[in-house]
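Peer 1: Letter by letter, the chains look like this.
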Amino acid sequence: MKCRVCRGAALIDLRRHNANFCADHFVRFVQSQVGKAIHEFKMFDPEAKILVAVSGGKDSLAIWHILNELGYDADGLYIGLGITDYSDTSAVFARDFAVAHSLNLVEVDLDDTYGFNVPQGARAAKRVPCSACGMSKRHIFDRVALDGGYDVLVTGHNLDDEAAVLFGNTMHWQTDYLARQHPVLEAREGFPRKVKPLIRLDEREMAAYCVVVGIDYMLDECPMAAGNTHLRYKDALNLIESGSPGTKAAFVQKFLAQAAPIFADAAQESGVELAPCEHCGALTPSGLCAFCRLTARATGQPVELVPNPRLTS
Amino acid sequence: MKIELRNPTRTLELEGPMSVQRMLNKLDLNRETVLVISDGTLVPIDAMLADDATIEIRNVISGGDR
Ligand code: SF4
Ligand SMILES: [Zn+2]
Ligand SMILES: [Zn+2]
Numbered sequence: 000m001k002c003r004v005c006r007g008a009a010l011i012d013l014r015r016h017n018a019n020f021c022a023d024h025f026v027r028f029v030q031s032q033v034g035k036a037i038h039e040f041k042m043f044d045p046e047a048k049i050l051v052a053v054s055g056g057k058d059s060l061a062i063w064h065i066l067n068e069l070g071y072d073a074d075g076l077y078i079g080l081g082i083t084d085y086s087d088t089s090a091v092f093a094r095d096f097a098v099a100h101s102l103n104l105v106e107v108d109l110d111d112t113y114g115f116n117v118p119q120g121a122r123a124a125k126r127v128p129c130s131a132c133g134m135s136k137r138h139i140f141d142r143v144a145l146d147g148g149y150d151v152l153v154t155g156h157n158l159d160d161e162a163a164v165l166f167g168n169t170m171h172w173q174t175d176y177l178a179r180q181h182p183v184l185e186a187r188e189g190f191p192r193k194v195k196p197l198i199r200l201d202e203r204e205m206a207a208y209c210v211v212v213g214i215d216y217m218l219d220e221c222p223m224a225a226g227n228t229h230l231r232y233k234d235a236l237n238l239i240e241s242g243s244p245g246t247k248a249a250f251v252q253k254f255l256a257q258a259a260p261i262f263a264d265a266a267q268e269s270g271v272e273l274a275p276c277e278h279c280g281a282l283t284p285s286g287l288c289a290f291c292r293l294t295a296r297a298t299g300q301p302v303e304l305v306p307n308p309r310l311t312s
Numbered sequence: 000m001k002i003e004l005r006n007p008t009r010t011l012e013l014e015g016p017m018s019v020q021r022m023l024n025k026l027d028l029n030r031e032t033v034l035v036i037s038d039g040t041l042v043p044i045d046a047m048l049a050d051d052a053t054i055e056i057r058n059v060i061s062g063g064d065r
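Chains A and B, in that order, give the protein sequences. Under numbering that gives the first Met the number 0, the first residue of the first sequence is numbered 0, with each subsequent residue one higher. Under numbering that gives the first Met the number 0, the first residue of the second sequence is numbered 0, with each subsequent residue one higher.
Please keep in mind that the hints were generated in silico from the structure rather than gathered at the bench. Do not take every clue at face value.
[As the list claims (entries may be wrong)] For lysine-lysine, the following DSBU-like pairs were computed, each having C-alpha atoms within a straight-line distance of at most 30 angstroms: (1) 48(A) x 1(A); (2) 35(A) x 48(A); (3) 1(A) x 1(B); (4) 253(A) x 35(A); (5) 25(B) x 1(A); (6) 253(A) x 41(A).
Work the whole structure out from these sequences, hints included.
Peer 2: Right under this line is the structure:
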């Protein structure tokens, strides 16, 4: 197997690109795909003050590394979710990476700040852990990005994540979710701009990037993820991908180019009015936002006593 | 060949030499979902693995709503 660029020995084959790459040219390939996504979707400009949501896993550490390599100014945000040993270990990967690359990592601990962790939140709200977890992370991302004056929040969602979400939304014809599935969510009052620069790269490419550039990341899976639908959708899509390389990318890219605008137009006509949460000010369709309700339930406190701190570094 | 896998952590033995592709087929693993690593470097799909090689097969698919 030879590198498509230099004809040297290749160490990875990317069947959907019909290409093999050596280490150097693979790294350049990945970085250029990120550059293309940033440009194509006008994600942010070179002077932007960026906040990267960092979990300690491969995708978020890789995008933080790539943005740094491409010359962007990006801080990391790690949220302690209190998911047993998994959270303790993933924090170590995030911190070690920040130190090794002299980058600034903002840390917020869910329990220290709001008085509950993800397993407790899930039990109290009778929700699956990923739902309580996602709700808490989104709330904290928004707060830190806004309170810290960041221009944009970057997440490590890759092509497989987007394909799996699109698959689920399509299987259930969740037209309101389909209307919002886009690698750029514009800032609105109360919400920061959110972008997904790994939209052109799949999970195998991201893991390979980490191995090639020497990023140590959390290999263990979150114990709450086992057997969830998101993973089942990924398995199904990868089965199709192995027979027809390029299917996942076509699914996502053609959706964005051809179908997403139709759903977005339809949704605009039936737009739901949002108003500030009566307690924390985050925009929400009803009086109290979902996160404040979750916090009140998980801590057994009246909602007036739910903490509402500024979350800046 | 000594093959290390994770989630759950386990070690398998297979008789080499054998190509990466053949090893993945034998273990019924989808090549889109794993990386094969030896001595900290990626091993391409057409490489031959020696009988005395130690290999890590790393799953690359993560779950959950990131
Ligand atoms: S798998 Fe679910 S519970 Fe675990 S970190 Fe991801 S979203 Fe949170
Ligand atoms: Zn090359
Ligand atoms: Zn609120």
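Peer 1: Work down the list of hints and note, for each, if the structure agrees.
Peer 2: Cross-check of the supplied hints:
1. Proposed proximity of residue 48(A) and residue 1(A) is contradicted: the alpha carbons are some 39 angstroms apart, above 30 angstroms.
2. Using a Cα cut-off of 30 angstroms, the hinted pair residue 35(A) and residue 48(A) holds, with the two alpha carbons roughly 19 angstroms apart.
3. Note on residue 1(A) and residue 1(B): the hinted pairing holds, with a Cα-Cα distance of about 27 angstroms set against a maximum of 30 angstroms.
4. Distance restraint check for residue 253(A) and residue 35(A): the Cα-Cα separation of roughly 16 angstroms lies within the 30 angstroms cut-off, and the hinted pair is therefore satisfied.
5. A C-alpha spacing of about 25 angstroms is found between residue 25(B) and residue 1(A), which places the hinted pair at or below 30 angstroms, so the restraint holds.
6. The suggested pairing of residue 253(A) with residue 41(A) holds, with an alpha-carbon distance near 18 angstroms, which does not exceed 30 angstroms.
Hint check: a violation occurs at hint 1 only; the rest are consistent with the structure.
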